[in-house]
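In case you want the letters, here they are:
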Amino acid sequence: DGGITQSPKYLFRKEGQNVTLSCEQNLNHDAMYWYRQDPGQGLRLIYYSQIVNDFQKGDIAEGYSVSREKKESFPLTVTSAQKNPTAFYLCASSMTGRNYGYTFGSGTRLTVV
Amino acid sequence: AQSVTQLDSHVSVSEGTPVLLRCNYSSSYSPSLFWYVQHPNKGLQLLLKYTSAATLVKGINGFEAEFKKSETSFHLTKPSAHMSDAAEYFCVVSELRQAGTALIFGKGTTLSVSS
Numbered sequence: 007d008g009g010i011t012q013s014p015k016y017l018f019r020k021e022g023q024n025v026t027l028s029c030e031q032n033l034n035h036d037a038m039y040w041y042r043q044d045p046g047q048g049l050r051l052i053y054y055s056q057i058v059n060d061f062q063k064g065d066i067a068e069g070y071s072v073s074r075e076k077k078e079s080f081p082l083t084v085t086s087a088q089k090n091p092t093a094f095y096l097c098a099s100s101m102t103g104r105n106y107g108y109t110f111g112s113g114t115r116l117t118v119v
Numbered sequence: 105a106q107s108v109t110q111l112d113s114h115v116s117v118s119e120g121t122p123v124l125l126r127c128n129y130s131s132s133y134s135p136s137l138f139w140y141v142q143h144p145n146k147g148l149q150l151l152l153k154y155t156s157a158a159t160l161v162k163g164i165n166g167f168e169a170e171f172k173k174s175e176t177s178f179h180l181t182k183p184s185a186h187m188s189d190a191a192e193y194f195c196v197v198s199e200l201r202q203a204g205t206a207l208i209f210g211k212g213t214t215l216s217v218s219s
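Just so you know, the protein sequences line up as chains C and R, in that order.
Under this note's numbering, think of the first position of the first sequence as 7, with each following residue one higher.
Under this note's numbering, think of the first position of the second sequence as 105, with each following residue one higher.
Please note that a few of the clues may not be correct.
What the hints assert, rightly or not - The calculated DSS-like cross-link candidates involving lysine-lysine, where the alpha carbons are at most 27 Å apart (straight line), are: (1) C/89 with R/211; (2) C/63 with R/172; (3) R/162 with C/63; (4) C/15 with R/211; (5) R/153 with C/20; (6) C/77 with R/146; (7) R/162 with C/76; (8) C/63 with C/89; (9) R/172 with C/15; (10) R/172 with C/77.
Hints in this document: simulated from the structure, not taken from any laboratory.
All chains should be built: construct the whole structure from the sequences, respecting the hints.
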């Protein structure tokens, strides 16, 4: 079955360390997205990519970085510059165009200890 | 910029009674609107979408939403709540960006269903 796989499900990081969250899709979608979810805030867009080797900053990109070397993969690195990294991170993919909904992964919960 | 406002952060209903989750949108062009549901510690599932076809949109699990341009609203309804409907619901608008589109989420409404 096609879908999006995020790993790991839970991740613990020490302050000052970078950490990379994995996102892989086998839906043949061109576009991929990273969102951050905090209680009472909804989902906020971190980065998005419409095609391979191209990506754009979203609304809260500071302290994060991404790459898009393959159509199937869109890893997110949370750097030590991110002031408040503890959150639930969701990856999504879609066909390009504004009428398409997204398919979401099951998320990664990152905790800084 | 496009935006959505979910008017209630928390809604409580009894099983078997109607559900109404309210959403207003702001858009400078004809919007594409969505409702998503999230069960605890899970990803999001698309309930339904409006893309300028019929104004009454039917979704999964008995949910539907009506697009009202004059009221800039896109409220989600269900005639009879079930215990399994307890979850967080997000109203979402699609926004054109510099490169492509992105979905902009409301802050969510938590639906509680009591027996």
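Margin query: Flag every earlier hint the structure violates by its number, smallest first.
Written below: Per hint list: 2, 3, 5, 7, 9 and 10 violated.
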